[in-house]
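Q: Sequence:
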Amino acid sequence: MPRSLGKGRTFVYMLPWREQDLLKVGYSRQPLVRLRTLHRRFFDVFDLDRGLLLETERLAQARKVERDLIVRHAGQRSPAPLVIPGEAAGYSEWFRGVCPEVTLELRDVAAREGLALHSLRDWLRQWFSSQGDGVYEWSLRMLEAIEYEAFNVPPESQRGEAARSLRYVMDACEAVGLPVAALFPERVLAWYWRL
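Note that the numbering used here numbers the sequence shown so that position 52 is 52, with each residue one more than the last.
Hints may contain errors.
[What the hints assert, rightly or not] Estimated spans, in silico, between C-beta atoms of each pair:
| # | residue 1 | residue 2 | range |
| --- | --- | --- | --- |
| 1 | Asp49 | Gly86 | 23 to 29 Å |
| 2 | Glu174 | Ser92 | 32 to 38 Å |
| 3 | Arg72 | Gly132 | 38 to 44 Å |
| 4 | Glu113 | Asp44 | 30 to 36 Å |
No wet-lab data here; the hints were simulated from the structure.
Just so it is clear, CB atoms sit at the ideal spot from N, CA and C, and this is done for glycine as well.
Take these sequences, add in the hints, and give me the full structure.
A: This is how it looks when you write it as structure tokens:
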């Protein structure tokens, strides 16, 4: 049977802001993509240790859990931080002062429905670890692009896209607790440590 849009693993996320008693709830089939739409350097602004991902088997389950959270905590809604792009922020999924309650509610749903509840840091660590060989080869290609641009493109025309991408991935790996020395080739590590 072909899969339909309503079937398949979907995650309900709770993303606490690092600097304030503020959090974002929502759902996504691709949590890492969603994190990046909220903030390019999500690991700098969200608290990865308190963040949670509830893994559901169907989109409808995730929507129901998200809707229940939004309705239950409607009185604690808050605007999104200014650094979050308006088109990504959502207007009803940011809350202030409810992190302990939402954490307990997600734990309760996980236990009651037999769903996996992941620490955001652990899930991200596992995701980046699973990309091992691909990240290694990709980082070499990025370094080649960085070197090509440095030696062949006039300074005023350099865009630095490859450097930003490579630094982002390496910073993200470090932020989730992965040893970059075990994931990246020596040439790439030498470039990174010179930054």
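Q: Are the hints correct? Go through all of them and say.
A: Verification of the hints:
{"no.": "1", "hint": "Asp49 <-> Gly86: 23 to 29 Å", "verdict": "holds, 28 Å"}
{"no.": "2", "hint": "Glu174 <-> Ser92: 32 to 38 Å", "verdict": "holds, 34 Å"}
{"no.": "3", "hint": "Arg72 <-> Gly132: 38 to 44 Å", "verdict": "holds, 40 Å"}
{"no.": "4", "hint": "Glu113 <-> Asp44: 30 to 36 Å", "verdict": "holds, 33 Å"}
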